[in-house]
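Chemist: Residue-level listing of the chains:
Number of protein chains: 2
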Amino acid sequence: MRSVATRFIAVLLVMFGIAVSLAVGSQQPERDGPRYQDSTSLVRPTNYREWPFLGSGLGLNYEPANTGADAPPTFTNVFVNPSSYRGFMQTGTWPNETVFVLEFRRSRTDAAPNVAGRFQGDLRGIEAEVKDARFPDGWAFYNFGAAEALTDVTAPLSGTAVASCVECHTTHTAVERTFVQFYPTLLEVARQKRTLKPGF
Amino acid sequence: MRSVATRFIAVLLVMFGIAVSLAVGSQQPERDGPRYQDSTSLVRPTNYREWPFLGSGLGLNYEPANTGADAPPTFTNVFVNPSSYRGFMQTGTWPNETVFVLEFRRSRTDAAPNVAGRFQGDLRGIEAEVKDARFPDGWAFYNFGAAEALTDVTAPLSGTAVASCVECHTTHTAVERTFVQFYPTLLEVARQKRTLKPGF
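Chains as they are written, first to last, in the working numbering: chain A, 213 to 412; chain B, 213 to 412.
Keep in mind the hints are simulated off the structure, nothing from the lab.
Quick reminder that beta carbons are idealized off the backbone N, C-alpha and C, glycines included.
Hints may contain errors.
Unchecked claim - Derived contacts from chain B toward chain A, CB cut-off under 7 angstroms, selection only:
hint, residue
1, Ala-222
2, Pro-257
3, Arg-261
4, Pro-264
5, Gly-271
6, Pro-325
7, Gln-393
8, Phe-394
With these hints in hand, go ahead and build the complete structure from the sequences.
Modeler: Below, the structure is given as structure tokens:
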């Protein structure tokens, strides 16, 4: 009888271990930050449309250079990975390993019942910004290209290609290197947490 | 010895039960649909900014009536509860118990480095639309009021207050009673699933 009891205990211990690992595994925070290849090339997030939306602009002047002066203005949508969003809402600062996706969308006017307003149409391109201590100054910028030919993985912008990003994201951003002045719900949090740069 | 083994087995069984219930509980889909008081009054969702964003418009003509002709155009953002979003992406139709939140935000131009574009500012008001078999025609519309005085719970609009909602959401919507023509990622899915109404 003791050997039966011993075997039964052994089986129970294994099942208990499995159940505990399932319970713990499913309660751990999802790893939703940047995914890299070759240490710094960013894998394009494919599920960013399920991430928290920070704000939308129309015709803001980080408009892509290929927009002609008479072309309709472009919508820009910004999304951030969920765990970093929750981090910002608690602290007013961005945790390490935060990914921002900047999506460019054509603006349209041609669908009833709309008369004079603008709504969002086809994707035109995707860019990203990442905060990660692996980069010399803590940040990197990526361009996945135009919608017709998006790349799945891309190296961080460097040299003259990134200089204007860094300049604008340093000089004109309300919190760290991010345009929190354009993200109304975050702006309130940054005010409360006193993390806005002087002048905002 | 047998009684020690029996007690040990009993303790293991209880711990196993707790571990299993934790594992199962944390893997069940989150209940993120409409919450009611008195059966049909909707509790305003407070975490909708973490829900999937469907699209943004500027100056669309479901603009609130209190906007003067010379006032700046209003941004409208639409969000949907996560489980219904996933349901639509799989089927091109809305599951029962779907909540759409329509958020009105002031448009602004006055923050560097912006020159001529518009970005989103303060909240102006919140409305909602719900698909739920508990309503006679399957849908209900809610207005939580202006941002300065949002109500936490509100009864569905009725009579003349809802007539224009129903008329427009019946005549001009691309999928069921929703403006999928304004939500670019859903529009693609509805095309693939052939759930667009004739004419779209």
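Chemist: Decide, hint by hint, whether the structure agrees.
Modeler: Hints, one by one, checked against the model:
no.	hint	in the structure
1	Ala-222	10 angstroms, violated
2	Pro-257	14 angstroms, violated
3	Arg-261	6 angstroms, holds
4	Pro-264	5 angstroms, holds
5	Gly-271	4 angstroms, holds
6	Pro-325	4 angstroms, holds
7	Gln-393	5 angstroms, holds
8	Phe-394	4 angstroms, holds
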